[in-house]
Amino acid sequence: MKSIYSFTLFAALFAGVTASAQKPVPAKPQTKSILLMNGVAHIGNGTVIENSVIGFRNGKIELVADARTVRIDRTAWDTVADCAGKHLYPGLIAPNSTLGLTEVESVRATNDQYEVGGYNPHIRSLIAWNSDSKIIPTVRTNGVLMAQVTPRGGRITGTSSIMHLDGWNWEDAVHKADDGIHINWPSYIAYNWSENGPGGYERSKRYLDQRHELEQFFTEAKVYCALPSQPEKNLRFEGMRGVFNGTKAVYIHADYVKEITEAIAFAQKFGLKRMVIVGGADSWMCASQLKAASVPVMLNRLHSLPQTDGDDVNQSYKTPAQLLKAGVLFCLQNSGDQEAHGTRNLPFMAGTAAAWGLTKEEALMAVTLNSAKIMGIDSRCGSLEPGKDATLFVSDGDALDMRSNNVRAAWIQGRRLDLRNEQTEMAEKYQDKYGLKKKK
Amino acid sequence: MKQLFTAAVFLLTAMLAQAQVSTFPTNGAPNPNHNFTAFTNARIIVDAETVIDKGTLLIRDGFIVDAGPAVTIPAGTVVIDLQGKWIYPSFIDPYTTYGITRPKRAPHDPAPQYETARPGAYAWNDALKPDNDAYRHYTANAETAEAYRNLGFGTVMSYYPDGIARGTATCVTLNAEQGDNRSMLQDKVAACYSFNKGTSTQEYPGSLMGAIALMRQTYADAAWYNTLKAKTEYNHSLDAWIAIQTLPQIFETTDKWNVLRADKVGDEFGVQYIFKGSGNEYQRMDEMKATGASFILPLNFPAAFDVDDPFDARMIAYEDLKHWELAPLNPGAFEKYGIRFALTASDLEDKAEFMTNLRRAILFGLSEKMALRALTTIPAEMLGIADKAGTLRKGMLANFIITSGNVFAENTVIWENWVRGQKYVINDMSKIDIRGSYQLTVGNDAVRNLKITGSLMKMKGAIQNADSSKTPAMIDLAGNAITLVFTPKGVEGAYRLSGSVDAVTKSMTGSAQLPDGKWMNWTAKFTAAHEEKPQTPDTTNWYLPTLDDVIYPFASYGVTRNDTSMIDRLKRRYDAVLIKNVTVWTGAQGDTAMPDMDVYITEGRIVRIAKNIDAPKGAFALVIDGTGKHLTPGIIDEHSHIAVAGGVNEGTQASTAEVRIGDVINPDDVNIYRQLSGGVTAAQLLHGSANPIGGQSALVKLRWGSNAEQMKIAGAMGFIKFALGENVKQANWGEYFTIRFPQSRMGVEQVYFDHFTRAKEYQRQWEEWKKLSPKDREKMTPPRRDLEMETLVEILTQARFITCHSYVQSEINMLMQVADSMGFKVNTFTHILEGYKVADKMRKHGAGGSSFADWWAYKMEVMDAIPQNPAILFRMGIVVAVNSDDAEMARRLNQEAAKSIKYGDLTEEEALMMVTSNPAKLLHLDKHQGTIAVGMDADVVLWSDNPLSVYAKVEKTLIDGKVLYDSEEDARRRETMEKERARIIQKMMHEKENGAPTVKPRMKRMKVWDCEDLGTENDYLNDAE
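These protein sequence lines map, in sequence, to chains V and Z.
Add 543 to a position in the first sequence, counting from 1, and you land on the number used in the working numbering.
Position 412 of the second sequence, counted from 1, bears residue number 396 in the working numbering, the numbering being contiguous throughout.
Because the hints were derived from the structure by calculation, they are not lab data.
For clarity, every value in this text was computed on a predicted model and none was experimentally measured.
A few of these clues could be false.
[Claimed, not checked] When the alpha-carbon atoms are kept at most 20 Å apart in a straight line, the in silico SDA-like pairs for lysine to any residue are as follows:
hint, chain 1, residue 1, chain 2, residue 2
1, Z, Lys755, Z, Trp208
2, Z, Lys502, Z, Arg480
3, V, Lys976, Z, Lys69
4, V, Lys980, Z, Arg827
5, Z, Lys372, Z, Thr21
6, V, Lys980, Z, Glu893
7, Z, Lys843, V, Glu965
8, Z, Lys988, V, Thr851
9, V, Lys861, Z, Arg827
10, V, Lys861, Z, Met701
11, Z, Lys988, Z, Asp292
12, Z, Lys937, V, Ser947
13, Z, Lys828, V, Tyr977
14, V, Lys801, Z, Ala301
15, Z, Lys988, V, Asp854
16, Z, Lys69, Z, Thr21
17, V, Lys801, Z, Phe295
18, Z, Lys843, V, Thr762
19, Z, Lys843, V, Asn654
20, Z, Lys825, V, Lys603
21, V, Lys575, V, Lys603
The shape of chain Z in the complex, shown without the other chains (with noise of 0.2 Å):
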């Protein structure tokens, strides 16, 4: 029976022999060889869960035929005895450029592109390119296929990086010199994403949410024109992008937060994408956990800094000396949380790091047996290819490595890889170890000891002289064929030997010439093997840190969260705090200020407001004693553009209203926590003002540690920011910017006019639609799905309000009759300088303003700008707030509020309602916030002083009733920094001192955004060289 089974692999084999007849003639006779090859006395890792110690592996014509303990050697066939060897499936990298050239950006052009520039009937955005297939530009490198074999890799994918669609990803076998053909495994594999636009110079996007919104769109322009009944436009890169939704979708990141950014996408149109990560996941593994995806991890684990230089050590962040020490978690992490993922050697400068890389995430906590996984059978899924490679199974490629031992280990070679049958040595197998201690005899000396060590492709020699010193001694063994250079103690000049070892017995014997010149004979008699330590990493004093050392945010400030006050934090959630003895000011119309209160908060919210309370028995309250000091409501931002990554301005287009501030909302941005030491609890982060219709802005709380859906105040209304004059018209943009529509005030009126117009025509054509029974629909093709309209159809339906930025009082006018004319209401006005000069036809709309205090003279526009503005329009009944647009000053709010008493005689309390109640009321928040009164929420500042005084300090902030800042707990935050900074630094001396490459200290600069900028941080849309 079992004959007749192995008779019909026999027959199989022999088919598929048959099967390898080539399209391609040959230049003289073909070379066809069928024979079989069997590995024998190998331990055989057949994947990681499946070891066989002693086996047999037989291959032929590339694939596998068999393995295991006891398989039949049949006749023809080469065996190669692999005794203490060991053979792995080789690695499968699911993420390279591998024989891919990358695309080159065209020459930069001052001049902006609005439209595509690519020739054919593709999709209108240049950074689109789902119809570009990886497979048509692959050729095989032998250079690169030679880097990633030399790591133990035989398959690969390779994408085509350019674009935030990329098309189709390819995946090949490293067997370069049998060519193209012969190395393609499988042509489409993955369709491929990113937020980078690569080599596109349109204009479109210009910003992180701008990336986030072109996907969003094309999505839903992919739905609509699978539904076409007759098409009216041919569009080759959305027929592409639905033909490629049945291909594992991989998205490539470049940080934890975009990793959440994709996932929000991929959910909203039912798509679970694989994510290329980019290291720091770690920082947030929660969040990972819950996107429910598989993840490609690089492993490129940043070098230490050279950290010799105080002042300039100073400057390297605490993140990216935290990340230095955390990144080898990265791997480990995944596996602790159950999170599927592959690895990959891209991002590594040097691949050759990869392995001690790989290893230094096993100190850290991987798994070998996951390592492996991630190296073979998980990639094979990913990309679909687990029938032919990640395992040494019968049928499979042979594609597999051969190794001296357990390939994870520090000293162990990879001998031999084999892809597809084809044989690429490594090192060489045959290398006869003459490591060992010999009695070395050359002509008439006296005998030496000779001891040879290091490691079996690096051997070393040393040479012991007669008074026990010892002297180098050179060796290179080629074959058989040994020479051995070393000069001894007290001669003048080089013994130079050359001769032969014995593979069995390893004794040596040759000829040596000595330093005179004169021939000698040498023998060398071997008499004990080298005995080979085990190399570990020396830990000793060495800190392994675990995932515990996180901090929250990754910033500086952050925290672990074993971190005593983090513990309070989250202990006292749903316990009490109790304010005793403080100056109340409620920031409500009318209040005045009351001295000697007592604020009773519980479950996040104020519940009572009195003098004298006690707080309930058994309670654990944290009791303030608010003596001297000050209460207020926390102070809301209207205009506040910290904590936004990627661009704060599309501003490519006219109207950008499908872009979202609330999908780039950065959690680890410092200014988050300087400005809770400032006394803000809530702020809009608002779109830039580049153009007329900008983007749709977030309401957030400064949750402190919290990731961005956290942030987000829950039930929040919409808003969106407009923008009129100068900028919007491009008016100091340079010479180049003089294409886009409007250049002039005039214009801007109509695109509005235009705007609404359609969104109009939008909303009608949906209401009609929706009135349709579900049979004539099916007739019909339902109205394209406009993310743009979509949001403007939300201001006229209410859902959804403006914040517009503005400055001279004709455009102002302007805005309100438009919207008076269209049917909508302009929320706040915001900046508003001229406000002042139109305060009676502002209040007759029912707009309100948030304006700067004391701003002027920083363009044209802004001229007739004084800073009596806010007063008049609160005395002329509007509701108006001062904001800052600017990270520093929103620290000091209440001190802009209170230039009002100096400009414009409001009273204190009626100032302090400037930066509370009333951006509260203009944000639609002031149901929750804004005010000191019993349900609100406790978004709370305690001052040391009169809070419209310059002299007045915030001790703490509260926001949902916990301590987010506390000015003694910020001493305590800094104290530890400084700690563990210190800490981590003298880490990295070690490690230099150890020998380990550094890079020069960076510094980091973040970004702080005002209204005005445009692009984005290191211009990273574009990095495609």
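Okay, chain V solo, but in the shape it has when bound (with noise of 0.2 Å):
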């Protein structure tokens, strides 16, 4: 009796966002406090709690408990449903992303990552990104909920931002602003031309010019950030202060092994507080000096060939596993190709890490509370526990696993999501021309 009762509240609780006969619109602020019953509660720490209480009031999450061990007070809350034999998790993280500055990828107008200039520590993702995407619905609808909005380009590439995927505008929807500069160590190895004969991929002969550059622009940033204020103002070496008094992190993206032992010893030289090594293909090959260092790693798509043709096929695949037992702290990102709309597969890429040797819980870390840690929101974001955000979502099964991957509802501080997207939306038309039995 009690389960049919509570499968109705949930059922409820379903069709009152999707009543709306708009696309997705930004959800409104959170003001009835709600508790989440009985679901499978995968943390986002590692731990699980099988039979879970989750109660969120005001866009915090209040309450995280074992149903079997708690009293609960079912009348101190406004909505009470069960999710018995559903999962909940912490909203996913997808760093790296250019998600909201492309649309479309081929289309030139459509893409705001580029920037030209080498050196553009001052330029801002945030500024464009675009919370209109049709791409962003798409993305929320498999469980990622933040997002930290990346530049492409050049040596460094700019600033960063943390996102919330749901919001009105930028300045409403960002998380934190400007969390850190991108930088594009040089490559190691380039194609080198060749005066007699076809060239190939050696030892690039350019980079030791560029990693000087590199250190001469830092070199000159530091003494340039000593001092609080300068008589002319240099705005490249002005968004470069943060990166000097330990507010903002400098992600440095390398991959062959020799960059990301290079950039350790850059990081180390300028005292950098907080840096993080972003790709990674080849971390598992220095694995011991990252820890050393105390370097994060924001791992490459998992869902990448090898680097080299001799290579474990499935190294990418295992790198997780590597670090973890390397004691590296690390997250999971998808830059590349399609990479804007290929950011809905991050839960799957957790899944194929948890293939080669991570537990689920493990590999969900890896999209969650490691990718809150390495960029310092790990206060407020990353796991499902008391005083942070209720950033969270609720699907039928396993939502490592594409075969069970099903939101049924997410919130973002609170807020509840429409989880439609323009993609289920046309999904509809179609089913309804031909008469096909809807998705349940």
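Mind docking these for me? Both chains are given alone in their own frames, and the hints should help you get the complex.
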């Protein structure tokens, strides 16, 4: 009896949002407190509560407990929903993403992730962030609720910001503005043209020059930033102030093992307080150095071919387990071809990591709490813990497996999201046309 | 009688002398010289089989008059005593560009050039230059000639290195100083071809398969042109093409697989090429033998890599390390297989490496006899000059070398190289061998011991000091004059000695100036001769590889034929595999997964599926425990671009139906192995999407280790790629690509109408031709064979099916309408991301779909793509597959299919159909593949978990009942590879320590193609400078 009552309640909750005939509109602030009961709660910190109670109010998580061990006063909550058989997760976080900066890859007019000029620490990604991007709702539908929006191109590509994937505009949606600058580490291996015969990929002839140039920029910027103000402002150097006072992280994008170790040495030389390796395809080869220097890694797209023909065919699948074993803090990200719309596959990359050596909860950490820790937002995000933002979702089953990732409800800071998107609308339209049964 | 004969020879040579009158006027008095020259007491190597231990070679006027143990020396003969020296016929290089200035390519113009830029009544394509005769470009070059002569060459073939059909090569001798007229031996000796379009800036061909198609069409055109009763067009190129067919046909290749590709073209048109090899043929000797061809082989053995840094060394591909070690096996492998071959110094950046590398090849198994044949008689036969050069017989050109001994031995010196009776000194034959021990007395100093060692051309001296330590002495010998410099121990400054050597006693005498400027007399008394130690390479602790070390395929994860896994596999070929207690997913419509089943496989097919099967007694069965595991049909990728060489798009014309991916399969692509690790067993290798009518597909099984032909699925139907939308209208190709028709979807429709209208006309012409009686045919010209039209007719006759790249509904509709009106069917719309909008129409037409699971937003025409598309098409009753178009994603196609469970409510079994039985249906392979059922090919995959789950891993992939991927074997292969890499790296280190030159590590970046890739790897079709 109880289950029927409760199930109805969950369904009602679900129906409440879909009633709107509009395309997904930004959600309204949480006014009513919500208690989700009996679901399998994947906390995001490596633990699971098989039969959980999770309550949130005014956008914050207030209660996380085991239903079998605590007494719950249901009357203290405006809405109580039974989530028996369902799975609860903290919202997944997509680091190093171009979501909202690009719409149609091949159409230049829709691309805002590239800027000219090699050294652009002063440019800021968030102001180009399109809260009305058609891609964003399709990503939320799979449980990805936050993203670090990151520019591309050049040596210092610019400054990233961390966004909630819901909002009327960028000002509204920003979680942490200007969280760090991004550096594309000079390529150690590059195509060298040859006078006789075909060229080839070899140690880059320009590597040292490019490295010196980067060091020179950092040296000058550091001296500049040592004074609180300068008679003539240099916007590029001004953009570096946070780097030297520790308020901005430095994200160094590097894949080849030597580039990674070089980046570690670079960070030490300039006393960078928070340096993160982004990509790190070869990070498994220098895990002990990363561990020793306490440098975390935002791993490159897990669904990638190995770096060399001879590498383990499944190397990129295995790297997370190797880093975990070595004690390196890491998270997953999805940069590369077709990166923006492909962000929705982030949970499945965690699934792959689980297939190849992580536990499912460790794999979940790599797209939630670890990501938050690395970006310095873990006090408010990344796990289902009291005091944190109520950014979470409910899935029919295991959200890391495409067979069972069916997100039924999702909240960002307690705001209930409309999970429809243009694609679900289009599917419905044509299913109607053909008289096909709608998706349940 | 004998005297009479000799007299006849004299008469003949006298006539020859008369014949050497020149049309050229001389400045000043001419300098005729008809003296004989006799080389006596020499060891004469007449040819590889005939040696005269001590004989005489008699020459006159540039020809050999006689060679034998007892040759009568006529009056008027210059006699040269060659006691202790050897005479060889000089070498013939059958593949050079000597005397030819390399053509230059016009500066790069970003705008495409679709039509010929060559003025004159020549072929439509600028890469066809059969009318280009190298002899018209030849001019003797003293410097290059000397470099070749120094290696022992006297005669070379020269070709003009430009284009796919390169015209004729010429044959010249290396007496450059005697001018162009007197150094040309034969104007046309061979016709030359390659797959390299050279200086042509015309778009077509833009790929290797295009180059192959161009050759095939040109053979067909030439045959047709030859039958024309009245020429409708004048075509100098075809005239030349036809004329040069009687010459030896030499095809230059850049890879072992290109040999097979060219040979296939040759077979089709009745041409047997001589192949100019690239040096990696040893990797596939059985296939080389099967061509029945002769080869011209380079000795371009790669230099060792600098492997000091282990991280950098990791970037070197396994095959590059292996090739470094095995390359010197190449010539010996040809000898072993009984394949006729010649050697060439081409492809060597430093020609001086020729002899070093030849000696290495001999060390690696080439016999000296064969080496000599490959440098003399065989190239002479290949070039049709065997009556002129290659042996030291009467009447042949006086082309020979004089050496200090066996020409292939390490310390042998080539003294002189005679070209057409003209002497060229390479090393001074009169040099006195002063190597030995001496007692040296300078002034009043105590007697010192002097030792002179080293090679004859580079002698080294050493003085023994009183305390028996040694001091080096510099020696310079010119004629009889000797200079000796040394600094005795305990003396400040050098002793400088000048003097003279007695040629017979080798004793020396002269004057010395001491460090203080004082002059003294000195003598050196010869006491003992130098003992030359035979120099053999130090091969202790050095592994000499053999052909058994070749890996198949020649790539990472390739293994030797002696590898245990290979032996097992061969042994098991006709034996059985029994998979026990496994959950079977049949892949067939309506079936659900069946737990605890046994599957029995033999002779490559599934023979029984039941519970509790016992292996028949006496049969060797590999029993695989499937408890807790899942068995599915092998995954079939409807849309793949792996394992393709030289470009995936021809794309240089609106229609390139004549090109075939099947011509350019690359069996060495490691992505084949990677995809086996994801359970893929078969794939359609598709042409790209750059033009409305693309090229023909290849349907392959991923038979890792096999060659291209073995990978192809026997009996598979023909397929062809069509494409619509942005790519074919060149929407994203940049501002220069706005010329080619079509530039809009409106134009695309008309491309099809135009081509199929013409195809029907073509079909009609041939049908009428076939109806004619032989007698009538004789009076008429047959229709021109057109490879493009021929392919389109196959579509009309349902001998070939279309896979059409498509996105938006308007164009999908359009193609179905064109097809309906022209009388053909669209078999498959691939990508078909807006298929859900026209599913009803597709069903009516009978088209299938092959879709991405969830791709979108990468270009304008995919903005309405939805991940529910495959499921909607499926539920509308359309045969729908989920494909990759991506080398990485292809190994997770099970997961891509599973997305339709999430997005489209399909059952797990339905989802699996989209990567097994449905692609099999789309590819018309479903009689043998795509489901697990009795009688089907045993292409199956064993999974660790539910195959639709993200957690499922492939444990075994079987093709034709053979385990081609095994997750445990995978680890073992990697271990073997690591050990082998480490061994070769240590060997390289060793060679570097011994002073061998090294090159920087070079990383291999295999091109991973997708639909939209244009061009080729490293632009190798255009490597002319």
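Here's how the hints hold up against the structure:
no., hint, result
1, Z:Lys755 / Z:Trp208, "holds, 19 Å"
2, Z:Lys502 / Z:Arg480, "holds, 11 Å"
3, V:Lys976 / Z:Lys69, "violated, 96 Å"
4, V:Lys980 / Z:Arg827, "holds, 18 Å"
5, Z:Lys372 / Z:Thr21, "holds, 19 Å"
6, V:Lys980 / Z:Glu893, "holds, 19 Å"
7, Z:Lys843 / V:Glu965, "holds, 16 Å"
8, Z:Lys988 / V:Thr851, "holds, 8 Å"
9, V:Lys861 / Z:Arg827, "violated, 43 Å"
10, V:Lys861 / Z:Met701, "violated, 40 Å"
11, Z:Lys988 / Z:Asp292, "holds, 18 Å"
12, Z:Lys937 / V:Ser947, "holds, 18 Å"
13, Z:Lys828 / V:Tyr977, "holds, 14 Å"
14, V:Lys801 / Z:Ala301, "holds, 18 Å"
15, Z:Lys988 / V:Asp854, "holds, 12 Å"
16, Z:Lys69 / Z:Thr21, "holds, 16 Å"
17, V:Lys801 / Z:Phe295, "holds, 8 Å"
18, Z:Lys843 / V:Thr762, "violated, 42 Å"
19, Z:Lys843 / V:Asn654, "holds, 11 Å"
20, Z:Lys825 / V:Lys603, "violated, 51 Å"
21, V:Lys575 / V:Lys603, "holds, 12 Å"
Comparing the model with each earlier hint shows violations of hints 3, 9, 10, 18, 20; every other hint is respected.
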